[in-house]
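Asks: In the order they appear, the protein sequences are chains A and B. If you read the first sequence in our numbering, its first letter stands for residue 1, the second for the next number, and so on. If you read the second sequence in our numbering, its first letter stands for residue 1, the second for the next number, and so on.
No lab work stands behind these hints, which were simulated from the structure alone. Quick caveat: nothing in here was measured; it's all calculated off a predicted structure. Incorrect hints may have been included.
These stretches of chain A come out as covered by chain B in the derived footprint (C-beta under 8 Å, 3 or more residues) [stated by the list, open to error]:
1. 12–23
2. 74–80
3. 83–96
16 Å max Cα-Cα, derived EDC-like pairs, lysine to aspartate or glutamate [stated by the list, open to error]:
4. Lys72/B with Asp262/A
5. Lys131/B with Asp262/A
6. Lys257/B with Glu236/B
7. Lys90/B with Asp74/A
We put the CB at the ideal spot given by N, CA and C, even for glycine.
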Amino acid sequence: MKTVFALCQRNLKDFVRNKPRLILSIIFPFFFIYVFSSIFQNEYIENPISLMLAGIAIATVFDVTLRISSSTIDDMSSGFMKEVLVSPVSRLSIAGGQFLSGAVIGTMNGMIILLGGVLLGFRVTSPLTVLYIIAAMVFVGFVFAGFGLFMATTTKSTQTFQVVSMAITMPMTFLSGAYIPVGDLPNVLQIITRFNPLTYAVAMFRSVSLEWGGLPLEQQIHLGVSIEIGNFVVTPMISALILLGFGALFLLLSTLAFMRTDFSKMSRSAGDAVDWG
Amino acid sequence: MNPIIEVQNFTKRYGKFTAVDDISFQVEEGSIFAFLGPNGAGKSTTINTLCTIFEKTEGTLRIDGKDVSTQKNEVRKSIGVVFQDSTLDKKMTVEENLRMHCVFYRVPKREVEERIAFVLELVELSEWRRKRVSALSGGMKRRVEIARGLIHFPKVLFLDEPTTGLDPQTRAHIWEYIVKLQKEKNITMFLTTHYMDEAEICNQVAIMDGGKIVANDRPFELKKQYTKDRAYITTERPEELERLLRAHNLEFVQKPKYYRVDVDSVPGLLQVLGDQKDVITDLEVKKGTLNDVFLEITGKEIREGGES
Ligand SMILES: Nc1ncnc2c1ncn2[C@@H]1O[C@H](COP(=O)(O)OP(=O)(O)OP(=O)(O)O)[C@@H](O)[C@H]1O
Ligand SMILES: [Mg+2]
């Protein structure tokens, strides 16, 4: 357990130390809020900024978590993973460290966005909501941490990973309703959003953070926090269950993949090969 | 002799390619043991297998009585490793690297400070403690790695080419640490090198070539067994010298300025010359080197390592 926390602390330090990246990851979301907020104007929504904020905050949690939990790939190419693997720590705690780092740092980043959002008029009525928000962010963090580590362990090389991660996260982010309301998308894309786990994370998080849990179903559907699939309505609660399933699956898969990876195959890094060239 | 590393009939294949071919050897506790051999001999492969990073193909490998395949965790606890390529966490500071290592190896919390100070002192990097690893020079990074490999007080320290690419001064320093640790802490040192002069310092040297151990002994014995001392004799009276050497069945090579004679022992030669010292004007004796040993056994020169 100490190892898990130590690894988490390390990733956190690295995240805070990389100033340009840190600043970008805070500024970008606000830039998006500014650009996209006009799209969200419709008769049901009195405060599009809050809606945007909630969506973008959770999309940021998704993005940061994924980046942190998959940073394992950098540790493989830098050689540091070898130091970890030759020590008597279990691979399980290494994977655990990556998951926790992802969830914690993702949540922190998401919270910074919401705090910035307070200046833009974001409000909650009950202090309990703040707790729910944090819990929801941590939850979403863990859900996608497994996904991140899974991508990292299955692609194995930094270059491939960058391509794969772009090809997967970009569409996931934009087809989730976080930036662009699902209703404004062409029909085909709307169908795709139903297969995107981030859609459910966005819906669930909006219902929690904007305190819309008690609204009538009809209105929830209009606001996009409950999702109609045919005759079936995915309420925020069901969204949470979907996420739980998705998260559990990938935490399991990535842990298994990570435990099984034969790192000896990767030990011949570029540096090693040219050493004597 | 109390062997801390025991390797029997170890073979490692990468697919069809045999990198290490049925080798057996032992390393005595508290000694400095070196693998000497050219590129691709299988040195790193053997070290990586002993360190539990690679899986063996065949054979038994034990460290401190524990099997490296079935008791991985036990083995990991009792070894420290400095790999051929850097495994430092470059994003973190020197101190953070050491602290993280202490967590991995469960160094008791109250000892951590003391040990960090000790190992940094040893490799003379105390002032660099709070610097980011990426800001260090190559030689300093190597020293940090050695410090890190030691901080949990392993029984055996593996060093895969610890000095390759370092300047002569840093090399000499690193050797000071190695010898000091072996003497003071009784840590067994297992290292690989391309440098002959480094191999000379070791208690035991195994010469590897093409995945096999072709010789394994103390440097002194190796030289005794495989090389002859070379005497270079200059003379004003060549006929007399030649007659003398022939009379004692000593083979010689005539060069423009001198005669070269390979001798089994220097005293023997002196005895031969003893009666007629005035035949020679000058005599110089060169001892056999490990390079000669290598040449003798494999028929080729070992390539001296690094950028030197
Ligand atoms: N992961 C690997 N996959 C395939 N072949 C490998 C692998 N690692 C090493 N080899 C091969 O095994 C042989 C031995 O390699 P090894 O790294 O053990 O040599 P070495 O003695 O350490 O050489 P050097 O002095 O260059 O470090 C080489 O021919 C190398 O090409
Ligand atoms: Mg090697």
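Asks: Hint by hint, say whether it matches the structure.
Replies: Now the hints, each set against the structure:
no., hint, verdict
1, 12–23, "holds (count 3)"
2, 74–80, "holds (count 4)"
3, 83–96, "holds (count 7)"
4, Lys72/B with Asp262/A, "holds, 15 Å"
5, Lys131/B with Asp262/A, "violated, 33 Å"
6, Lys257/B with Glu236/B, "holds, 10 Å"
7, Lys90/B with Asp74/A, "holds, 11 Å"
Violated hints amount to a single one, hint 5; each of the other numbered hints is respected by the structure.
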